[in-house]
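S.K.: If you want the building blocks of each chain, they are given just below.
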Amino acid sequence: MSNIPEEMRYTSSHEWVRMNDDGTVSVGITEHAQELLGDIVFVETPEIETEFTAGEACCVVESVKAASDIYMPISGEIVDANPALTDTPEIINSSPYDDGWIFKINPANEDELEGLMDAQAYEDSIEE
Amino acid sequence: MLIFEHSKSALHKTNKTELNSIPAAMRRRQSAALPEVSELQAVRHYTRLSTRNFSIDTHFYPLGSCTMKYNPRVANSIALAPEFAGRHPLAPEKFSQGFMSCMYELQEMLCEVTGMKGFSLAPMAGAQGEFAGIAMIRAFHDANGDHQRREILVPDAAHGTNPATATMCGYTVKEIPTLADGDVDITALEAAIGPQTAGLMLTNPSTLGVFERQIQKIAKMIHAAGGLLYYDGANLNAILGKIRPGDMGFDVIHSNLHKTFATPHGGGGPGSGAIGVSARLIPFMPIAGVIKENESFRWANKSDYPKSIGRLSAFFGNPGVLIRAYVYMRLLGREGMTRVSEFSTLNANYMMAEMKKAGFEAAIPDRFASHEFIITLKKQAKDLHVTAMDFAKRLLDLGYHAPTTYFPLLVPECLLIEPTETESKEDLDGFIKAMVQIQHEAENDSELVTSAPHTMPVKRLDEVRAARQLDLSWTVTEAGKV
Chain V
1 MSNIPEEMRY TSSHEWVRMN DDGTVSVGIT EHAQELLGDI VFVETPEIET
51 EFTAGEACCV VESVKAASDI YMPISGEIVD ANPALTDTPE IINSSPYDDG
101 WIFKINPANE DELEGLMDAQ AYEDSIEE
Chain H
1001 MLIFEHSKSA LHKTNKTELN SIPAAMRRRQ SAALPEVSEL QAVRHYTRLS
1051 TRNFSIDTHF YPLGSCTMKY NPRVANSIAL APEFAGRHPL APEKFSQGFM
1101 SCMYELQEML CEVTGMKGFS LAPMAGAQGE FAGIAMIRAF HDANGDHQRR
1151 EILVPDAAHG TNPATATMCG YTVKEIPTLA DGDVDITALE AAIGPQTAGL
1201 MLTNPSTLGV FERQIQKIAK MIHAAGGLLY YDGANLNAIL GKIRPGDMGF
1251 DVIHSNLHKT FATPHGGGGP GSGAIGVSAR LIPFMPIAGV IKENESFRWA
1301 NKSDYPKSIG RLSAFFGNPG VLIRAYVYMR LLGREGMTRV SEFSTLNANY
1351 MMAEMKKAGF EAAIPDRFAS HEFIITLKKQ AKDLHVTAMD FAKRLLDLGY
1401 HAPTTYFPLL VPECLLIEPT ETESKEDLDG FIKAMVQIQH EAENDSELVT
1451 SAPHTMPVKR LDEVRAARQL DLSWTVTEAG KV
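Top line first, the protein sequences correspond to chains V and H.
Residues 1 to 128 (the working numbering) make up the first sequence, in order.
Residues 1001 to 1482 (the working numbering) make up the second sequence, in order.
Please note that the accuracy of each hint is not assured.
[Said to hold, decoys possible] Cut-off 20 Å, straight-line C-alpha distance, at most; resulting in silico cross-link-like pairs (SDA-like, lysine to any residue):
no., chain 1, residue 1, chain 2, residue 2
1, H, 1382, V, 127
2, H, 1379, V, 67
3, H, 1459, H, 1445
4, H, 1307, H, 1295
5, H, 1382, V, 2
6, H, 1217, H, 1191
7, H, 1378, V, 126
8, H, 1174, V, 124
9, H, 1382, V, 53
10, H, 1382, V, 50
11, H, 1425, H, 1059
12, H, 1382, V, 46
13, H, 1459, V, 39
14, H, 1382, V, 57
15, H, 1217, H, 1194
16, H, 1174, V, 57
17, H, 1174, H, 1028
18, H, 1382, V, 69
19, H, 1174, V, 67
20, H, 1174, V, 69
21, H, 1357, H, 1368
22, H, 1174, V, 66
23, H, 1174, V, 53
24, H, 1174, V, 123
25, H, 1382, V, 35
26, H, 1174, V, 93
[Said to hold, decoys possible] Ranges between beta-carbon positions, derived for each pair:
no., chain 1, residue 1, chain 2, residue 2, range
27, H, 1302, V, 113, 53 to 61 Å
28, H, 1291, V, 88, 55 to 63 Å
29, V, 88, H, 1046, 37 to 45 Å
30, H, 1186, V, 115, 56 to 64 Å
31, V, 51, H, 1331, 56 to 64 Å
32, V, 80, H, 1467, 22 to 30 Å
33, V, 113, H, 1196, 26 to 34 Å
34, H, 1186, V, 121, 24 to 32 Å
35, V, 106, H, 1217, 22 to 30 Å
[What the hints assert, rightly or not] A short list of chain H residues far from chain V (calculated; beta carbon distances all over 10 Å):
no., residue
36, 1086
37, 1219
38, 1405
39, 1458
40, 1468
Keep in mind the hints are simulated off the structure, nothing from the lab.
Fair warning: this is a prediction, and the values are worked out from it, not measured in the lab.
For glycine and all other residues, C-beta sits at the position ideal for the given N, C-alpha and C.
Produce the entire structure from the sequences given, and follow the hints as far as they go.
M.R.: Listed below in C-alpha cells is the structure:
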C-alpha cells in the first residue's frame, strides 16, 4: 500500500500539496507517482516569480522510463524551487513528501485548495 | 574493448623520405591519435563487435511503434547501383532524368497511397518531416493573417516528437486526454478548440494500437474552427492500401519512408520523412521536388511553390533511402501494398489473442489491434515484483529483442508489441512461448527474471548513471597515446 499522508491534498495527476505556516503551499509528487516513474534522473524546476494557472504544465520530471510534466495544482506564483533537485533528483524517490518537494507557490486563491482530493479520495483514485 | 585499447605504438613505420617532400611548417608536430593495430587485428575487432548485434537480421524484433520488418535486399542493391549512387547532386537535369523520373513516380505513388495532393521528398528524417509539416501549417495561417493561432493540440497518447515539433515551430502545446477505449476524449477536445487553435497532430492508428474511430468528426471539428490536421505517419504500416489519411481529412502527413518502405533503421539514419499535403498547402511546400513537364523532369523552384517554407537541406533528401522506397513500392505494387497492412494487423491480432489466452492482460482487450498491441504487466509488478523491464531483459536471454517498454506512458508496466508482416507464425508462436516461460519463472524463481539478462555481453545496465553521467568520448592523453 502506497504511503499517502493525511494532512495533504492531492491531484488526479499525482501531485501532493502541503499548506505551510507562512501562507505558501509546497508541491511535490506522491509516492505512488515516483513508483510509477522509477528512478528519477533529472528535474527541471519552474522559474521563481512565474505565474501559472491551475492545471498548467509548469515543470518536468525525467526518469529512466519517461519525461513527465508536473501540473500546477492550484493557480499562483512560484516563490521557491528545491535547489537540492539539481544534483540529487533521486531524493524524489527516497523522500517524495519531505526532502523531495519540488516547488512552493504563493496561491492566487486559497479556495482552489478545496477542489483538490483528500488522502482518502486520492487513495481511491489510484486503487482503480 | 575499444580498438584504441588493442593499439600498440610503433607498429607502423613512418616513411621519412615521403615526409621530407612536405614543407616542415605543414607537417604535424605530434603523431595523429589513431589506433595502431595490424590489419588482421582490425578485422577481428570489428567482426567480433558485429556478432554482438541484436538485429532484425538475427532475431525477431517486435519493437512497438518502430516497424522493424525485413527490408528486401534487392531494394538496397538497386540503391547501391553506380547509376544511382554515383550521381552527382549538381549533375544537370538532362543527365539526371532516370533518377528524377523515379523520384517523380515515388511522389505520385505516395500521393496515391495516402490520398494527398502533393508530396515532398526533401525532409531528411522523420523529425525534419514533422518540422516541415508544422512549419507549413504556420506559414498557411501567417499568409491568412491568422496570427492569433498559437496553439497546437496533441493527444496524450502521441509520440514525444509531436509536442517537441510544435514547440520548435513556436507553438504552445495543449494536451488532449485519451479515453479508456483508446479514442480521443471528444468532450475535452471540444473544450480545447478555439480561435487560438492552429491545428491538431494525430497518429492514427494511435500509439495505443487502435484506430481512432471518431476521426471524421474530429476533422470536422478542427476544420470548422479554422485549424489544420497533421497526420503522424508513424503507424502507416497498419493502413497501407486500405484507408488514406487524405480521405480522413488530414492536411499534412509525414511518412517515415525508411521505416515503412525498406531502409534498415534504428541506427540513427539516414532517413526520410517525406511529407504529403492537401491542395491548399501545395504553395507552401519545401523547395526541391520533381516536376514533370513535356514528358521530361525538372527540379521545382520558388515559382512552383510561391509561398514555400524554403529549403530543408542543400540538395534533395537522402536519395539512397528514396530509391529503396521507390523499389520497394514498385515491388509491392497495388496488391502487395494492401498485403502489408493485412498481414501486419493479422499478425498483431493473432499474437494479442494468443497472449490473452495464455493469461496476459491486454491494455485495450475489447478492441481489434492495429499493427501493434499493448499488454500490461501491472499485476506481475504488484504481485510478483517482476516488472515489464524484467520481462524485457529476460526475453533477450531467450533470443527475442524486447518490445517497446513503458511506452505509451498512459499504460502502466506496458509492453508495446509490433510483430510486423514479415514474421512467420512459428516466430510469433516462439515469442509467445518465451513470454509464457518468463511468466512461469516469475512465479517460481523471480530472481532469474529480475537479474536477467544472463547470456548477453553485458548484464543489467545502470540506467540512472547512463542518463546522468553519459560519457561516450575516449580521451587522448598528452603522450599521443590513449
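S.K.: Are any of the numbered hints broken by this structure? If so, which, sorted upward?
M.R.: As far as the earlier hints go, 2, 4, 8, 9, 10, 12, 14, 17, 18, 24, 26, 30, 35, 38 and 40 are violated by this structure, in ascending order.
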